[in-house]
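The lines below spell out each chain.
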Amino acid sequence: MSGSQRHFFSFYRLWTIAANTMTEIVRQKFFYILLLFGVIVLILSLFLLEFSHLDRVKFIKDFNLAAIAFFGALITIVGTAELLPLELENRTIYPILAKPVFRLEFLLGKFTGMISLLLLTLLLMSVIFAALLFYTETQLLADAMAGRGLAEGVTVDEAVRQVKAQVRDAQLFKAILLIYFKLVIVCAVGILIATFATSVVFNVICTSIIYICGHLVTTARAEWMSNQTVSSKPMLGILVFFIPDLDAFNIADALVLGQSVSWELVFQTIRYGFFYTGVILLVAHFIFDSKEI
Amino acid sequence: MDMVSSTSSAIETRNLSKHFRVSLRRKVIGLDKLNFVVRENEVYGLLGPNGSGKSTTIKLILGLYQPTEGEARLFGMNVESVSSRVSVGFLPENPYFYKYLSGEETVRFFGRLCGMRGRALEDKVSELIAMVGLERHRHRRLGGYSKGMLQRIGLAQAMVQDPKLLLLDEPTAGVDPIGSIEIRDMILKLKKMGKTILLCSHLLDQVQDVCDRIGILQYGKMILEGDVKELLTRKDQYQYVIEGLSQEARSQIGRQIGDKGGRILREGSPQTTLEQLFLQTVRQGDNRQEGI
Ligand SMILES: Nc1ncnc2c1ncn2[C@@H]1O[C@H](COP(=O)(O)OP(=O)(O)OP(=O)(O)O)[C@@H](O)[C@H]1O
Ligand SMILES: [Mg+2]
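Chains as they are written, first to last, in numbering that gives the first Met the number 0: chain C, 0 to 292; chain Z, 0 to 291.
The hints are simulated quantities; they were obtained by calculation from the structure and are not laboratory data.
Check each hint, because a few of them may be wrong.
[Said to hold, decoys possible] Derived, one-sided and incomplete: chain Z residues facing chain C with beta-carbon distance under 7 Å:
(1) 81
(2) 84
(3) 91
(4) 95
(5) 97
(6) 111
(7) 113
(8) 239
[As the list claims (entries may be wrong)] SDA-like cross-link-like pairs, simulated, lysine to any residue; straight-line CA separation at most 20 Å:
(9) 28/C with 141/Z
(10) 123/Z with 134/Z
(11) 98/Z with 87/C
(12) 98/Z with 27/C
(13) 190/Z with 211/Z
(14) 290/C with 81/C
(15) 290/C with 19/Z
(16) 28/C with 99/Z
(17) 163/Z with 192/Z
(18) 188/Z with 41/Z
(19) 290/C with 22/Z
(20) 228/Z with 281/Z
(21) 123/Z with 11/C
(22) 98/Z with 92/C
(23) 290/C with 18/Z
(24) 57/C with 47/C
(25) 98/Z with 84/C
(26) 98/Z with 91/C
(27) 290/C with 103/C
(28) 163/Z with 6/C
(29) 234/Z with 256/Z
(30) 28/C with 101/Z
(31) 146/Z with 130/Z
(32) 290/C with 228/Z
Every residue, glycine too, gets a C-beta built ideally from N, C-alpha and C.
Looking at chain C on its own, in the form it has when it is part of the complex (with noise of 0.2 Å):
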């Protein structure tokens, strides 16, 4: 028979529509507002300096992780919950679906193309994060070299270390790497949402809520495992065991305090992200793949 040439699952069509969300979200106007808010607010931290008597390394640290987790997930959050809907609303879905596609090459290629324009802006802010860094330590190089503000019995040689130790730390990669990975969770559950809600604002609210709660999980797990108390126990079980520990990538804080973070721990972190990730994006399958469009 002439049309019977089996057909499988291609990367090759997975990526195309990766690409072209990347290009759909890029060519928004929202997706800029962010970012250029996201990079004035990086860049304000050095302004910001002039009033914080805080150490100024620790403050530019603390600052930046956190900025680039908020825009972050602002920007995967409201991203997400725009993927299907548009599809779906504006039926530009048909097209291509009529060419041999299959649903779970476009769900994934929308997955695919969110997760990467993610790890663009990601690089683009550490980027941004590295070079402030890096401006603030010719600073406090000069500072020390002229000796100014030393602390008592500290050489100019010590101080120098001091500085390059702070400025120069391999823990920050390992921070935005758990951002990166904790972003791509709540991606996930962005597209899993919009799999059977059509409302660009319900999937918001719904994925905020998950992520806010996902950062409560750890204090939840520790409640649910002493609280007695039998009417809150269904419920804090719920979230303990569905919602996401978005808590677990947060290092930031130890990083902050000068606590250091082994890379075992950072790989179990990215392991169990993984693992959530794949769970959630096959039970999006499983509706999508059924879904009437």
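Fit chain Z with the ligands to the given chain C structure using the hints.
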């Protein structure tokens, strides 16, 4: 399903039905137990009033809608399988394309979805854009395209992988008269190349020109189907096409016809137009519906 029909037919439906639930209690019948076959290398015209189920039929054939009942096959393959769409091109009823892509990017995107790449893809994109006459606008975004231009880009995207079967839902809607004639000629050319085409249209003159067979849908049911030439032939009249008779012999035969009680009305081809046939059939259908 016997092998003969499944290999020689491009489209085949069996009891294909689609009901839409519009509210908790009400449902709309989009398509009601449709059985029809489109043979390979045939141009089939699907006609019918607005809301009769033409677009629904096409979406069911593409697996975009799940049938309430029955099934559809493309080249013998159930439309539930993605493989059935490898060699199918679809022009949707409305331009469901991304506004933020340019004309060229749109065609390229759909080409990639069909697994095309590299030089072959770029050449095809340029060829199609030239064919639909959009060279001057190829770098503009679709958000700024006119209705007819969108229709043209839709046609280009449908043909990108050189499919064996084209499903065209009102290809000439919004296209200017010259473009409309170009599309008609293109359909005829595609037929010569061995393609199969399912055409939905309200332009009956054009359907009459290009289609081998037609089916008329009403209220989701097929109410008339057949060969265009056959349907348009008036069975109460008869026509001889004669060669090599002298003027004298012809008048002799004419007298004889008169003697036998016949009457020569005119010479030429005694056909009605498809337009008349359409109107007549649909009115009858309306009467039937009211009678229920
Ligand atoms: N997604 C849908 N939801 C609800 N009803 C639908 C849907 N799609 C089609 N219908 C209904 O099914 C019927 C057939 O619609 P369809 O679009 O197939 O008509 P059509 O023959 O293509 O009409 P037109 O000539 O206007 O294009 C109509 O009554 C329509 O309201
Ligand atoms: Mg229609």
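Structure-based check of all given hints:
no., hint, result
1, 81, "holds, 5 Å"
2, 84, "holds, 5 Å"
3, 91, "holds, 6 Å"
4, 95, "holds, 4 Å"
5, 97, "holds, 6 Å"
6, 111, "holds, 4 Å"
7, 113, "holds, 6 Å"
8, 239, "violated, 43 Å"
9, 28/C with 141/Z, "holds, 17 Å"
10, 123/Z with 134/Z, "holds, 13 Å"
11, 98/Z with 87/C, "holds, 14 Å"
12, 98/Z with 27/C, "holds, 11 Å"
13, 190/Z with 211/Z, "holds, 10 Å"
14, 290/C with 81/C, "holds, 17 Å"
15, 290/C with 19/Z, "holds, 14 Å"
16, 28/C with 99/Z, "holds, 12 Å"
17, 163/Z with 192/Z, "holds, 9 Å"
18, 188/Z with 41/Z, "holds, 12 Å"
19, 290/C with 22/Z, "holds, 18 Å"
20, 228/Z with 281/Z, "holds, 19 Å"
21, 123/Z with 11/C, "holds, 18 Å"
22, 98/Z with 92/C, "holds, 13 Å"
23, 290/C with 18/Z, "holds, 16 Å"
24, 57/C with 47/C, "holds, 13 Å"
25, 98/Z with 84/C, "holds, 16 Å"
26, 98/Z with 91/C, "holds, 10 Å"
27, 290/C with 103/C, "holds, 12 Å"
28, 163/Z with 6/C, "holds, 17 Å"
29, 234/Z with 256/Z, "holds, 18 Å"
30, 28/C with 101/Z, "holds, 18 Å"
31, 146/Z with 130/Z, "holds, 17 Å"
32, 290/C with 228/Z, "violated, 43 Å"
In this structure, the earlier hints numbered 8, 32 are contradicted, and the remaining ones agree with it.
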